[in-house]
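Enquirer: Here is what each chain is made of, one letter per residue.
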Amino acid sequence: MSHTVTEPLIEVRDLGRDFTVRSRRGVFRRTTRVVHAVHDLSFEVGAGEMVGYIGPNGAGKSTTIKMLTGILVPTGGHVRVAGIEPSRHRRELARRIGVVFGQRTSLWWDLPLRDSFDLLRRIYDIAPERYERNLQEYVELLDLGDLLDTPVRQLSLGQRMRGDIAAALLHDPGILFLDEPTIGLDVISKGRLREFLRALNAERGTTLVLTTHDLQDIEALCDRVIVIDHGTAVFDGPLDKLRATGGASRTLVVDLVDEADPITVTGAEVVKVDGPRQWLSFPAEASAAPLVAQVAAAYDVADLSIQEPEIEGVIRELYSR
Amino acid sequence: MADALHAVRSYALIAALWVRASLTYPVSFWTMTVGGLLVTFLDFVGIWFMFHTIDTLGGFPLREVALLYGATGIPFRIADMLVGSVEKIGQKVRSGELDAMMTKPVPVLVQLCADRFELRRLGQIAQAVAVFAWAVPIVDWTPSRVLVAVSMVVSGAVIFFCVFVIFSTIQFWTVDASEFANAFTYGGTTLTQYPMTIFTKEIVKSLSYVLPLAFVNWYPCLYLLGRSDPYGAADWVRFASPLAAGVLVVLMTVVWRTGVRHYRSTGS
Numbered sequence: 001m002s003h004t005v006t007e008p009l010i011e012v013r014d015l016g017r018d019f020t021v022r023s024r025r026g027v028f029r030r031t032t033r034v035v036h037a038v039h040d041l042s043f044e045v046g047a048g049e050m051v052g053y054i055g056p057n058g059a060g061k062s063t064t065i066k067m068l069t070g071i072l073v074p075t076g077g078h079v080r081v082a083g084i085e086p087s088r089h090r091r092e093l094a095r096r097i098g099v100v101f102g103q104r105t106s107l108w109w110d111l112p113l114r115d116s117f118d119l120l121r122r123i124y125d126i127a128p129e130r131y132e133r134n135l136q137e138y139v140e141l142l143d144l145g146d147l148l149d150t151p152v153r154q155l156s157l158g159q160r161m162r163g164d165i166a167a168a169l170l171h172d173p174g175i176l177f178l179d180e181p182t183i184g185l186d187v188i189s190k191g192r193l194r195e196f197l198r199a200l201n202a203e204r205g206t207t208l209v210l211t212t213h214d215l216q217d218i219e220a221l222c223d224r225v226i227v228i229d230h231g232t233a234v235f236d237g238p239l240d241k242l243r244a245t246g247g248a249s250r251t252l253v254v255d256l257v258d259e260a261d262p263i264t265v266t267g268a269e270v271v272k273v274d275g276p277r278q279w280l281s282f283p284a285e286a287s288a289a290p291l292v293a294q295v296a297a298a299y300d301v302a303d304l305s306i307q308e309p310e311i312e313g314v315i316r317e318l319y320s321r
Numbered sequence: 001m002a003d004a005l006h007a008v009r010s011y012a013l014i015a016a017l018w019v020r021a022s023l024t025y026p027v028s029f030w031t032m033t034v035g036g037l038l039v040t041f042l043d044f045v046g047i048w049f050m051f052h053t054i055d056t057l058g059g060f061p062l063r064e065v066a067l068l069y070g071a072t073g074i075p076f077r078i079a080d081m082l083v084g085s086v087e088k089i090g091q092k093v094r095s096g097e098l099d100a101m102m103t104k105p106v107p108v109l110v111q112l113c114a115d116r117f118e119l120r121r122l123g124q125i126a127q128a129v130a131v132f133a134w135a136v137p138i139v140d141w142t143p144s145r146v147l148v149a150v151s152m153v154v155s156g157a158v159i160f161f162c163v164f165v166i167f168s169t170i171q172f173w174t175v176d177a178s179e180f181a182n183a184f185t186y187g188g189t190t191l192t193q194y195p196m197t198i199f200t201k202e203i204v205k206s207l208s209y210v211l212p213l214a215f216v217n218w219y220p221c222l223y224l225l226g227r228s229d230p231y232g233a234a235d236w237v238r239f240a241s242p243l244a245a246g247v248l249v250v251l252m253t254v255v256w257r258t259g260v261r262h263y264r265s266t267g268s
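Protein sequences, first through last, are from chains A and B. Residues 1 to 321 in the numbering used here are what the first sequence lists, from first letter to last. Residues 1 to 268 in the numbering used here are what the second sequence lists, from first letter to last.
Hints in this document: simulated from the structure, not taken from any laboratory. A couple of the hints might just be wrong.
What the hints assert, rightly or not - Sample of chain B residues lacking proximity to chain A, with all beta carbon distances greater than 10 Å (derived):
1) Arg-20
2) Leu-57
3) Gly-96
4) Thr-103
5) Val-146
6) Val-153
7) Ala-240
Unchecked claim - Just a few of them, taken from the derived set where beta-carbon distance is under 7 Å, the chain A residues facing chain B:
8) Val-35
9) Val-73
10) Asp-255
Even glycine gets a Cβ: it sits at the ideal position worked out from N, Cα and C.
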């Protein structure tokens with residue numbers, strides 16, 4: 001999925017956010033420490049991109065999202081979203097973006113979903129026919145039909161998340177920010193959500209920026225990954241390149257007919273043996289074909305499979321540098 | 001101007017939604033409303049009992065004290081109904097709801113104030129109005145006194161609104177300061193239920209120039225009752241309530257904006 005990028009929709013240059021942390025030492029002494037939650041962060045996102053923003057806890061993911069959405073005021077640098085300086089023109093920006101926080105809802109807890117949606121229609125001044133069209137579409141795609149009259153507090157986490165996403169999209173925002181959208185969801189809900197987001201991007205050209213801990217989200221959705229660690233970007237590029245960067249290895253899983261000693265072949269080494277099953281690790285950039293041929297020639301093989309490098313391992317590698 | 005209209009309209013929409021939500025449990029709604037009315041009614045009964053053993057309090061007979069009581073109760077209860085939920089700001093910070101509010105096209109202050117709007121507080125306003133109405137015959141009404149009475153209620157509500165916001169804003173820095181805020185709002189209104197003459201000069205001065213709650217009812221009521229200030233404030237001070245309200249609005253705006261700019265959100 002490639003889109004022509006005209007001018008960046010999100011522009012971040014040397015962005016920084018410090019927090020002053022005061023701690024008490026003894027009765028009178030106080031120490032002040034400045035924490036650079038985000039520093040020297042620069043990137044651009046073009047219209048229609050789907051960007052995964054990942055990093056360990058405390059790396060500065062949420063702080064960045066909060067600066068992009070106007071919640072936090074940066075302590076340094078430059079940030080523009082849809083040409084708007086977020087913290088100065090929060091309300092203007094709100095009409096152009098949608099924001100979904102996975103761990104909390106922006107719906108009204110005690111009210112049926114329908115009432116929340118209707119209130120949003122009015123405070124965003126959404127034209128009635130556009131609202132009806134959007135509502136119908138999202139209700140169908142997100143399967144919300146039976147839930148519209150249920151108070152939000154009675155919804156399951158997955159149902160609530162779908163409601164939250166519909167709510168964030170009713171006013172047709174050009175950019176959707178998702179902070180941990182799949183956290184706590186079951187596999188089926190996750191899958192459906194990813195499918196919906198992909199369709200949203202393909203059909204409406206909505207730009208997506210999402211933070212996540214779930215690397216499957218990234219694999220399923222994002223053309224591009226920005227990895228942040230200790231407050232600044234340590235990688236920015238396509239997912240394939242990220243895989244290659246880590247010096248990663250692939251794994252050949254061999255099921256032998258009978259149990260045997262560890263297989264010896266050139267270009268790979270056995271990393272694990274479990275009964276007749278053996279795991280052979282080899283460099284990601286090497287071809288698997290000669291390896292398979294060698295193994296098949298020397299042993300009675302019942303089955304073979306190849307595991308791609310785990311992105312998680314790649315990223316762990318990246319952090320440890 | 002369009003912004004202001006949108007803000008007011010949004011307030012009304014959010015408040016209406018909460019009213020509708022509360023009416024889905026009608027029994028609870030009416031019990032709370034009537035209960036609130038009774039509790040606040042007993043509040044004045046306490047003062048009434050006190051007058052069984054005394055004739056005047058600080059030189060003021062019961063009906064004049066009732067006038068003071070009503071004159072602070074009406075604006076306080078109105079402000080409490082319209083903007084009282086702003087004191088929940090610390091809770092909204094912790095739960096992350098404030099973040100969500102900041103990404104909507106309605107001023108955060110409007111969303112905070114309209115949140116969990118409680119129509120049942122009308123019961124408490126009714127009690128204050130009833131006490132005030134009982135005291136009304138002792139005033140020698142003239143057109144200028146009517147004017148002062150109206151401006152007293154409006155300015156008083158604005159003053160309490162500002163006090164609510166200013167002290168709640170502290171929770172941007174220390175999220176658990178809601179009790180601190182209560183001391184000034186609920187505590188302040190209790191002080192102004194009595195004639196200032198029962199307090200020392202220092203307290204009255206603080207209530208005039210530091211936390212100007214004396215402008216809510218004390219100074220304008222002196223005019224309604226045709227009295228001069230026993231502590232010797234100039235006579236024009238009795239008309240200065242709108243001025244005090246105006247100064248507080250400016251202060252409140254500065255404090256609120258500073259609070260929002262220094263907002264640190266929660267950890268995640």
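Enquirer: Give a verdict on every hint.
Expert: Hints and how they fare:
The Cβ of Arg-20(B) does not lie farther than 10 Å from every Cβ of chain A; its closest approach is about 7 Å, which violates its non-interface assignment. With a minimum CB-CB distance of about 44 Å to chain A, Leu-57(B) clears the 10 Å threshold, and the non-interface call stands. With a minimum CB-CB distance of about 4 Å to chain A, Gly-96(B) fails to clear the 10 Å threshold, and the non-interface call is violated. Not every Cβ of chain A is farther than 10 Å from the Cβ of Thr-103(B); the closest lies at roughly 4 Å, contradicting the non-interface assignment.
With 10 Å as the threshold on Cβ separation, the claim that Val-146(B) sits away from chain A holds: the shortest Cβ distance comes to roughly 38 Å. Residue placement check: Val-153(B) keeps its beta carbon more than 10 Å from all beta carbons of chain A (closest about 30 Å). At roughly 35 Å, the least C-beta separation between Ala-240(B) and chain A is larger than 10 Å, which holds for a residue marked as non-interface. A cut of 7 Å between beta carbons decides the hint on Val-35(A): the least distance to chain B is about 11 Å, and the hint is violated.
Because the closest C-beta pair between Val-73(A) and chain B is about 5 Å apart, less than 7 Å, the hint holds. Proximity of Asp-255(A) to chain B is violated relative to the hint, the smallest CB-CB distance being about 43 Å (cut-off 7 Å).
Of the numbered hints listed earlier, those contradicted by the structure are 1, 3, 4, 8, 10.
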